[in-house]
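Novice: Once you've looked at the hints, go ahead and assemble the two chains, each given alone in its own frame, into the complex.
Chains as they are written, first to last, in this note's numbering: chain R, 79 to 522; chain S, 18 to 325.
The hints are simulated quantities; they were obtained by calculation from the structure and are not laboratory data.
Mixed in with the good hints there might be a few duds.
No more than 20 Å apart at the CA atoms, straight line, and that leaves these computed lysine to aspartate or glutamate pairs for EDC-like [claimed, not checked]:
{"hint": "1", "chain 1": "S", "residue 1": "K82", "chain 2": "R", "residue 2": "D521"}
{"hint": "2", "chain 1": "R", "residue 1": "K168", "chain 2": "S", "residue 2": "D263"}
{"hint": "3", "chain 1": "R", "residue 1": "K316", "chain 2": "R", "residue 2": "E510"}
{"hint": "4", "chain 1": "R", "residue 1": "K501", "chain 2": "S", "residue 2": "E186"}
{"hint": "5", "chain 1": "R", "residue 1": "K520", "chain 2": "S", "residue 2": "D73"}
{"hint": "6", "chain 1": "R", "residue 1": "K306", "chain 2": "R", "residue 2": "D509"}
{"hint": "7", "chain 1": "R", "residue 1": "K520", "chain 2": "R", "residue 2": "D310"}
{"hint": "8", "chain 1": "R", "residue 1": "K501", "chain 2": "S", "residue 2": "D263"}
{"hint": "9", "chain 1": "R", "residue 1": "K514", "chain 2": "S", "residue 2": "E186"}
{"hint": "10", "chain 1": "R", "residue 1": "K520", "chain 2": "R", "residue 2": "E374"}
{"hint": "11", "chain 1": "R", "residue 1": "K455", "chain 2": "R", "residue 2": "D375"}
{"hint": "12", "chain 1": "S", "residue 1": "K95", "chain 2": "R", "residue 2": "E517"}
{"hint": "13", "chain 1": "S", "residue 1": "K95", "chain 2": "R", "residue 2": "D310"}
{"hint": "14", "chain 1": "R", "residue 1": "K384", "chain 2": "R", "residue 2": "E374"}
{"hint": "15", "chain 1": "R", "residue 1": "K359", "chain 2": "S", "residue 2": "E173"}
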Amino acid sequence: MRFLSITLCILCLVFPVFAQGGKDAPAAAKPVEVSADGIAWRAYEGTTLHLGMNKHVYTDTLRKVIDEFTAKTGIKIIIDEYAQDEFMNKRLVDLSSGAGTFDIVMMDSIATQAAQAGWIENLDPWFEKRHLVDKKAYMLDDLSPSFTKAFTVNGSLYAIPVSGEKQVLFYRKDIFKERGLKVPTTFDELYETARILKRDFPAGILVRGQKIHTVSNATGVIWSYGGKIADDPVQYNKAVFNSPEAVRGADMYTSLAREFGPPGIANYTWYECVSDFQQGKAPMYLDMSVFMSQFEDPAKSLVAGKVGYAPMPAGPAGSKPTGGAWAVSMSSASRNKDAAFLFLAWATSPEISTKLALEAGIAARASALSDPKLAEKYPADWLKAFQAGLSADVPELTFPLISRNEEYLDTIGTAFNSMILRKQDVKALLDETVVKVTELFKDK
Amino acid sequence: MDGRVHMNIRGKRAPRGLQEREIAKFRWMMLAPGLIVLLSINLLPIADTILTSFHDFYLPRPQQKHFIGLANYMNLFKDSRFIESIWRTVKFVLIVITIEVIFGFTIAIFLTSKLKTMQALRGLFLVPIILTPIATAFMWRIMFSPTLGILNYFLEVLRLPPQTWIYSEEQALASVAIVLAWCKTPFMIMVFYTGLLSISEDVIEASLIDGASAWQQLWRIKLPLIRPVFFVAILFQTVDTCKEFDLTFILTRGGPGSSSETLSVFTYLHSFGFLRMGYGSAAAIVMSVFITILAYTLFRAGGIDFEN
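If we strip away everything but chain S, and leave its shape as in the complex, we get (with noise of 0.2 Å):
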């Protein structure tokens, strides 16, 4: 019975009126410039990229660009700067991403305390975040300097043994990630600062009134209500990450030899200094695979929902 009433209301229903099509027409009138901006700024670009990456293409030459077919990609694999710097990116990604979970967390954890200097310095916390990242280079850049930096003139008054920060091979890499931390540690705070907000007071008063300590409160209970956030947080400043490239070029410019040359950087030397362009797009469609793939595997290690 009912299955027929059903029937007939859907055997009722008329086909589109001229006023539906108008509406779908009109919502496309709307969609379009939307659409068109999306589609110039971005998915032509990216069609470009990929055209552009099959192609024998040096700048000055333009009328020498030919199809090359996969010999771009054949040549960045057998290049062993491009795979060292593939190995740079994911050591770069992890110190960076340790960093700002460590600081982030505990600073987030202070800020939720009830401690009165610490609300008074929740703006400050956030400071670094406002700055341009071309002025926090130079400035790092200045405070590293070996000879006149502040930060070895810091070490001298600890009696430490000063540093060569960015300009050795050996600390050039860590110290481009110390100054990346610094400036996204504020985002990672600002994330688990409203996660750890959310959580509702009758867990933690529940949890009290059972005899947890603090410890266990924030091992047991605060962590494993805010592993999403805490995991859409490592996503997104991982991809942020991998695409590093303003702080490292002026902090570095991937040197000294090639110590900090990450994708982006070895990416932005070939097309934009070697203007060799079939061969940066290769470069740079690769490293886009690649954040793709750290992505996906952070999204399914963490379990991230976001219908949820």
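The shape of chain R in the complex, shown without the other chains (with noise of 0.2 Å):
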């Protein structure tokens, strides 16, 4: 109840930006004057863009370049930066009330549901405007597929990825000399060193054990053990993560977390770990690639320059990593489309996209990861690692594309909390969680 008048309020608050909303929307009837390259990029002058940002380094990283924008086109951009729950929450609100208060919205699993609700556009028909966007050199084909995909809902693209990330194995270097380890490169391995680094350290191995972000990381281990989520990819008939493959990776995964990680690794989120790491309480990380520039910060970490990078270890079916994107979309409820969509196609754009890549070591396009100059900047395994977990085959979506993923997410990372709490019969658990999350599967 307390929220429900709290939703009201926020509705309240957002009234004077719908009443604003009419005044910044250009005369229709001017007919559009394009530059030499096609693109009307001085037609929406005037306007004024709010971009609905989560506190994130690509929005770092936009921030730097949207005064290039505004001085080619006169349109102003407005971003409002949230930390990451707070924007959920404000997300949903103003996506589900059509209030409207952003044109851009960012965009993460949550993406098919708001499609499927009608709350953000399908991009599809404005890649068709060549007044907006010109397609040749805009290059669609450059996004990498593994991250587009998480985006497409019934063959339209909803969101533009933005930033990708993929499963690698961070390692103290030092520590593995020092000791004459090796570098673990299947999970049999990664247990077997994360036991003998367990005697020394608070933690052999640190991944993560809370709730819900259990989800991504552990999925990627089921798939390197041959295991899925869904029976198929597209259509979500019904959940088989008990197949005796998926049991072995889930065992695996959870085994690593309750017998290896630090003390009440069952409510470790990616906060946690990042922090036990930069702090080396830890030799050995088992995570997303964006971490990276954490670790080598100086400013922040004990362990700047001592840090390996290497693809996350094979399971019997190989080094299947998950990983997840970051993405751009438009608001339904925008009163600005053309000159969201103009914002969208350059802020994406292969040129604008190098630049942020280098600036953060961030991207989702392969020329943008392919650039040379990105190698001379960051670590040369870490780049390593982060392509290889791009270019590994993966049978499926790291998160399915079904409207209830909160639901989701939260059972199935019950489930996997629940077996690094305590020891258990993982069969018995993971066939009690199919059930649940079939039923889930129904509802698309």
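Specialist: If you want it as structure tokens, here you go:
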């Protein structure tokens, strides 16, 4: 009830914005004047765009280039940035109420839900508008398919991925060298190495243990053992992560955490893992590639320069890391859609993407990642591990393309979390969870 | 005789004049802004929540919203996770209130003493109350860290075994309770302190003459005298603790497992995580009823009389 009143208050607060929206819209009847490259850069001069963004490296980096866009188009950009939890609430309220506070909205795995509910625009028709984007120069194919897939609903693209990440293994080069340890390439070796290291460190290895945080990382291990989450990567008829392969994968992930993780790992999100690793409390950490910049920053990290990067170890079916991406999308309630798409196409173009990649090591475009300047700036083994992750052949998407995503995360995350908390019959627990998840799949 | 005079006066009384009606109208006009605000931000949402709780309403699909009667409530009471969260809330409230009363009262007693240092410390005890819950929660989360946290460091210095705090099923709920008690004890201190100050010096002097020890004074005289204040403070804190959300959510998100998932976290998760608004609203209504019952029980038990 308290939240309902809060929601109502927020709605009241956004009304003034709502009223202001009309003023921003350019005169519709004006014929569109295009520049030499065929794009109507100055047609929306004087418009103001609001970007609803998560606090993220991407947002920080984007902030540095928006002045360029304003100079080029005369469109004013306002970035509304929020911490993740707050952002997710704000985004939900804005999109579901159709308030249209944001023209551009940052997206994660909620995208399917938002697309199906009609909260965000189908971008396919927009790419056909020649005065807004030059499709040839834009190179849609250049966006990594492993990321665009997660934002494609019913064959149409709803959001453009901007920052991609893949599971890699972080390890301490100095400690491995000193003890003559080999960098693990399989999960069995990883288990053995973690066991040896646990004797002298609070943790032999770090992995995320908190309920919903376990899901993406554990999924990668299940894949590597030959298991899958759903029977069909498109249809999602039923959940199959109780197969013998998946059971072994889930057992491996949760055993690593339970046996060699730090005390209290069952509530570890990436935040705790990254802090522990930065402080040298653990010599190995299996998680997303994007944390590299946190470890190499000497201001925050005691281990800068001592970290090695390796592809995720392989299971019987190979190394199949999961990944995730943040993307940008356009709100259906926006009143400046033309200007919003112009910005979207510009900000995700090859040229700007490469710029952002060099600035912060984040990208979702193949061309940006293969830029030679990138290899100079960041550790070579990190780039290699990341690229190995990108090129790995994975059986399905990290998160199922279903509407009830949050409930999925909670259900399967509860299972992984309880296996980390205490040793138990993995098969029986997963059997039980599969029934519940299949139920969620039915409601697409 | 008296009666007749009275009747005469009443009989003479004219029907409401135009002026009076205008006054009545004016009164309503003056009340209107307040009433409108009250209605729109309090009563309407409550009514809407009750209405929603009778519907199957999945937020991304508003067009499929339909009436299902009491089904949400029936499902709630069949949902073991919900029942557990009720007991957990009771346990949580008990821990928090116990800590708050013990520390609140002890510190208040010391504050009323004539010790100079205590006078100086008075302001310091109120510091937690001015901190925002979000900042408090993040600060404690860092302190609770089993590997990097300062709490385990102190335990180590004292040669005690390290604890897992919010990071294990066994200790999560109690750890959150400690943080909440830390935040809200100042409120208790203030209430008890003012209560103790209001006791007349005469009573204390009289008891001294009768030869009461300090201990007897406390139990036989001070406590009974501030009993109403005592229960009002507990009542407020109980209601507040039942609704507690921000600290729990940031510290543990209800985890590990669901070991610290109280009613408010359960409600939030189902409404704004899973977007099942009907089910979430039903949980919110049950929570309100639960708090009302709890408050009423305390009300009766403490013999609180707001009129007096």
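Novice: Compare the structure with each hint and give your call.
Specialist: Status of each hint after checking the structure:
no.	hint	in the structure
1	S:K82 x R:D521	15 Å, holds
2	R:K168 x S:D263	16 Å, holds
3	R:K316 x R:E510	13 Å, holds
4	R:K501 x S:E186	14 Å, holds
5	R:K520 x S:D73	17 Å, holds
6	R:K306 x R:D509	14 Å, holds
7	R:K520 x R:D310	13 Å, holds
8	R:K501 x S:D263	32 Å, violated
9	R:K514 x S:E186	23 Å, violated
10	R:K520 x R:E374	44 Å, violated
11	R:K455 x R:D375	13 Å, holds
12	S:K95 x R:E517	18 Å, holds
13	S:K95 x R:D310	32 Å, violated
14	R:K384 x R:E374	9 Å, holds
15	R:K359 x S:E173	17 Å, holds
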